[in-house]
Amino acid sequence: MTVTPLASRANLSGFRWFFLVATIAIVVALPVLSIFWLALFPEENIWPHLLDTVLLHYVSATLILAFGVAALTLVAGVGSAWLVSMCRFPGRVFFEWALLLPFAVPAYVIAYVYTDLLEYAGPVQKALRGWFGWQTARDYWFPEIRSMGGAIAMLSLVFYPYVYMLARAAFLEQCGSIRAASRSLGCSPWQSFLRVSLPMARPAIAVGLSLVLMETLNDFGTVEFFAVRTLSVGIYDTWLSRGNLGGAAQIACSTLLFVILLIALERIGRARQRHFVQAPIANRDRYRLGGWRSLAAVLFCGFLLMGGFVVPLLVLAGYALGNFSSYWSDDFIEIARNSLLLSAGAALLSVLLGLLLAYGKRLQPRRPVQFLVGFSKLGYALPGAVMAIGVLIPLAAFDNAVDALLREHFGISVGLLLSGSVFAIIFAYTVRFLAVSTGAIETSLEKVTPSMDRAARALGRNRWQTLWAVHLPLVRAGLLTGGLVVFVDCMKELPATLLLRPFGFDTLATYVYQFAADEMLERSALGALLIVLVGLIPVILLSRAIGWRRGDSGAELMESEAPAI
Amino acid sequence: MFFRVLLQKLVVITGLLGAIGANAAEQVNIYSYRQPFLIEPILEEFSKKTGIETQVVYASKGLNERLQREGRNSPADLVLTSNTSSLMDLLNKQLTQPVKSAVLEQNIPAQFRDAVGNWFGLTTRARLIYASKDRVKPGEITRYEALVEPRWKGRICTRSGKHPYTLSLIASMIAHHGEAETKAWLKGVKANLARKPQGNDRTQVKAISEGVCDLSLGNSYYFGKMITNQEQPEQVEWAKSVNLVFPNQADRGTHMFISGAALTKHAPNRDNAIKLLEFLSGAEAQYVYAEKNFEFPVRPETPRSELINRYMGEFKEDNLSLTEIGANVPAASRLVDEVGFDF
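Taken in order, these protein sequences are the chains called D and B. Once you know that position 311 of the first sequence is 311 in the working numbering, the rest is easy, because the numbers rise by one and skip nothing. Once you know that position 61 of the second sequence is 61 in the working numbering, the rest is easy, because the numbers rise by one and skip nothing.
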């Protein structure tokens with residue numbers, strides 16, 4: 001273990017940072033620790049039964065889903081990122097930001113929308129029956145949307161922006177001269193992509209992919225609706241129908257192992273990401289796509305945008321506006337405000353904690369600190385409702401302890417302070433999405449060369465002043481990306497909100513859920529539309545931050561702070 | 001650190017104020033597994049009548065755990081459930097307290113409530129077989145046991161075997177026939193399925209109307225909800241495509257289960273909560289349950305809705321005790337896994 005010169009300068013201050021990082025990491029990890037704790041006390045040992053019966057089904061369904069989504073998001077995310085950052089074709093500038101839009105659509109909403117369109121009673125099959133004169137479902141074959149294939153397609157359509165975002169930033173950061181060198185050494189554009197650009201972007205792509213996989217693993221709404229029985233279905237089943245919360249916690253912990261593997265993968269990827277110099281790409285460096293190639297590029301990007309955003313938006317808007325007066329109520333304003341405030345609060349808190357964790361790790365790049373920071377990210381991988389139980393446990397324990405103390409010493413009862421309050425939801429969101437903001441800030445910070453820190457310290461600034469005056473302006477884009485992604489994710493979050501909320505409290509997601517659960521898509525459309533529209537604001541801000549201002553003159557150095565998650 | 005301490009202080013203060021404010025108004029706090037639009041009209045009526053405010057948290061899972069963790073300080077007074085298993089789970093976790101009320105005892109027949117008053121059934125529902133009008137002749141199927149006959153191969157739709165409604169039926173099969181026979185039955189039903197179990201009870205009726213399958217299992221009140229659906233007229237068509245079969249009329253009767261409520265152990269508004277319980281079992285609320293939700297009222301004096309009577313008439317109910325069904329649910333869940341029912 002090496003101690004950096006920075007850390008050796010002031011051991012006391014180093015210890016303070018270590019203490020700060022440890023406190024944040026442990027508080028944030030409390031829900032995950034609670035689940036570990038539950039896992040120690042199962043009502044009965046579920047494993048013999050699971051091994052004998054359904055475990056293989058759960059695991060194979062999970063793996064097929066994960067591989068399918070990984071493959072599709074890679075092709076869609078890396079392919080489109082390559083096109084918009086390295087090629088010239090009509091609409092490139094538009095697609096550059098528009099390809100992020102599907103990120104605003106919740107997975108469960110897109111699943112409902114496409115089921116509505118593509119099922120037997122939907123308009124597509126109805127039209128086909130009309131044209132061909134078929135009478136019943138037995139007269140013809142049509143792909144079943146509620147299936148593994150359907151689930152892979154739905155999740156990929158809304159998760160590919162993670163890969164896109166990161167791959168694009170990575171391609172833009174690559175030094176154009178390396179690529180030019182590869183071309184002059186005789187590589188075709190394809191070879192140059194496969195042998196130079198792709199390997200260099202691999203770490204960033206791995207980070208995006210690990211986020212996609214974690215989202216896939218903890219998805220419940222979509223897989224349940226499509227009757228794809230993954231491990232998260234197994235977790236809920238063990239908990240609810242076998243009454244074995246401890247057993248469910250054990251399954252959840254074992255999926256965490258898989259996630260720890262993914263985080264390790266991400267770290268290995270990042271460890272190799274060490275280049276502080278960027279040369280921005282000028283438009284003349286982009287390959288000009290001609291004829292059918294440019295048409296193919298437009299179709300490819302257009303397909304992603306249509307499938308992931310335009311179609312769902314139109315369907316929802318059709319329902320919502322078609323019956324606007326009967327669906328609109330003044331409660332909506334309050335519900336939308338709840339969603340906005342909660343998400344904004346959680347985004348701010350996540351960015352603040354993420355910044356402290358990432359900066360602490362920079363100051364103290366030691367094993368225990370790395371471990372703690374990694375540990376604080378585990379909440380991202382737990383299925384929402386399980387994580388919510390994990391949040392309940394420490395909050396309720398804290399509340400009851402405070403109450404007992406006050407009863408004993410002062411004879412007053414304060415009841416529950418944090419449980420069942422808005423704080424519980426914000427805490428849950430932070431626990432869940434801290435991985436996203438910390439990751440974004442870490443990558444941004446890594447791009448700031450350590451000589452900056454040394455210079456600032458040599459000029460007499462202490463660590464806080466360095467953070468404030470030097471790093472903050474440099475990682476602004478990373479903070480923004482992290483915060484906005486967390487914001488959008490919180491807008492969509494359902495299971496934890498549902499369980500932890502105060503009396504009579506709704507967010508857009510819970511509002512949508514109460515109707516969508518009953519397959520009343522029309523009634524839920526207005527709420528879903530609002531989630532998408534509110535989610536759009538940060539997506540647009542985000543896309544502006546990742547290079548809207550990048551002029552083709554190549555003079556601006558915006559990309560040196562290109563945010564990556 | 002400073003901010004955390006400050007925040008905690010603030011929270012303590014607001015908590016204190018909140019606690020004082022909360023005690024001032026007459027209220028009942030409810031954790032509900034039942035969907036908002038089912039119970040809101042009834043709660044509004046209750047508030048109008050008594051001046052007692054109701055506050056609700058709705059969630060589909062985890063409310064029992066929330067109650068358990070909140071312990072003696074939980075604000076919740078009542079838990080409303082849509083099935084028997086959640087009530088049994090509350091009882092097992094010792095989260096309820098007994099209620100002694102002459103009104104409740106008079107309104108709710110003994111088989112639909114706990115002997116000492118830890119939980120109360122509020123409505124009953126029957127698990128029916130929905131049969132295609134076009135492709136299944138009346139009288140062609142009359143018993144749950146007959147679902148395994150080879151003639152139904154590829155013709156049955158159902159929701160997940162792990163859903164509480166399905167588990168309840170399987171648990172009653174275990175009570176009547178034992179585990180081994182039930183497992184064979186479950187295997188037989190699985191062999192006859194037209195598609196992997198999916199969707200909810202209405203999804204299956206829709207599938208019948210689309211010709212995907214000919215028989216499905218579903219709760220009785222869904223029929224009423226579909227046939228009267230103004231907002232989604234296509235559901236009326238689904239309902240019109242099926243006949244209702246009340247299984248096992250010649251022997252033990254049709255499987256019944258309940259939606260219910262329980263008073264929490266540490267209910268801070270105990271008296272108001274009991275008032276609400278009594279209201280829910282009373283003529284007015286029971287009438288709404290019957291008329292709006294098409295559930296069967298537990299209160300014998302409240303008539304079933306006219307619509308129920310038109311389509312369902314009188315039928316013989318299986319009198320198996322709810323406690324016995326509840327006790328068999330874990331075994332039922334195990335059997336569902338063993339035959340791989342959902343895969």
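Wrong hints could be hidden among the right ones.
With a straight-line cut-off of 20 Å between C-alpha atoms, the simulated DMTMM-like cross-links for lysine to aspartate or glutamate are [stated by the list, open to error]:
1. B:LYS196 with D:GLU44
2. B:LYS93 with B:GLU324
3. D:LYS126 with B:GLU210
4. B:LYS61 with D:ASP52
5. B:LYS265 with B:ASP89
6. D:LYS126 with D:GLU144
7. B:LYS93 with D:ASP518
8. B:LYS190 with D:ASP52
9. B:LYS100 with B:ASP114
10. B:LYS196 with D:GLU224
11. B:LYS153 with B:GLU179
12. B:LYS49 with D:ASP518
13. B:LYS196 with D:ASP116
14. B:LYS292 with B:GLU306
15. B:LYS225 with D:ASP518
16. B:LYS187 with D:GLU44
17. B:LYS153 with D:ASP139
18. D:LYS126 with B:GLU234
19. D:LYS126 with B:GLU237
20. B:LYS183 with D:ASP52
21. B:LYS316 with B:ASP251
22. B:LYS275 with B:ASP89
23. B:LYS61 with B:GLU44
Note that these hints are calculated values from the structure, not bench results.
Next item on the list: Please work out if B:LYS225 and D:ASP518 have their alpha carbons no farther apart than 20 Å.
Entry: 12 Å, holds
Note to self: Checking one constraint from the list: CA of B:LYS275 to CA of B:ASP89, max 20 Å. Satisfied?
What the structure shows: Since the Cα atoms of B:LYS275 and B:ASP89 sit roughly 24 Å apart, the hinted pair is violated (cutoff 20 Å).
Note to self: Against the 20 Å threshold, does the CA-CA distance of B:LYS49 and D:ASP518 hold or violate the hint?
What the structure shows: 30 Å, violated
Note to self: Please verify whether D:LYS126 and B:GLU234 have alpha carbons no more than 20 Å apart.
What the structure shows: Holds, because 13 Å separates the two Cα atoms, which is no more than 20 Å.
Checklist line | 20 Å limit on alpha-carbon distance, applied to hinted pair B:LYS196 and D:GLU44 | finding: This hinted pair is violated, its Cα atoms lying about 29 Å apart.
Margin query: Next pair to validate is B:LYS183 with D:ASP52; report whether the Cα-Cα distance is within 20 Å.
Written below: 15 Å, holds
Check: Does B:ASP89 lie within 20 Å of B:LYS265 when you go C-alpha to C-alpha?
Finding: Between B:LYS265 and B:ASP89 the Cα gap is close to 14 Å, so the pair holds against 20 Å.
Checklist line | Pair hint B:LYS187 and D:GLU44, alpha-carbon separation not exceeding 20 Å | finding: It is violated: about 25 Å lies between the C-alpha atoms, which goes past 20 Å.
Margin query: Against the 20 Å threshold, does the CA-CA distance of B:LYS153 and B:GLU179 hold or violate the hint?
Written below: Not satisfied, since the Cα-Cα distance of roughly 23 Å exceeds 20 Å.
Item checked: Straight-line alpha-carbon gap D:LYS126 to B:GLU237, limit 20 Å -> At roughly 15 Å apart (the allowed maximum being 20 Å), B:GLU237 and D:LYS126 satisfy the hint.
Next item on the list: Decide if the proposed pair is consistent with the structure: B:LYS100 and B:ASP114, CA atoms, cutoff 20 Å inclusive.
Entry: Status holds; Cα separation ~11 Å.
Next item on the list: Below or equal to 20 Å on CA atoms is what counts here, so check B:LYS316 against B:ASP251.
Entry: Between B:LYS316 and B:ASP251 the Cα gap is close to 9 Å, so the pair holds against 20 Å.
Of the numbered hints given earlier, the model fails hints 1, 4, 7, 11, 12, 16, 22, 23; all others are met.
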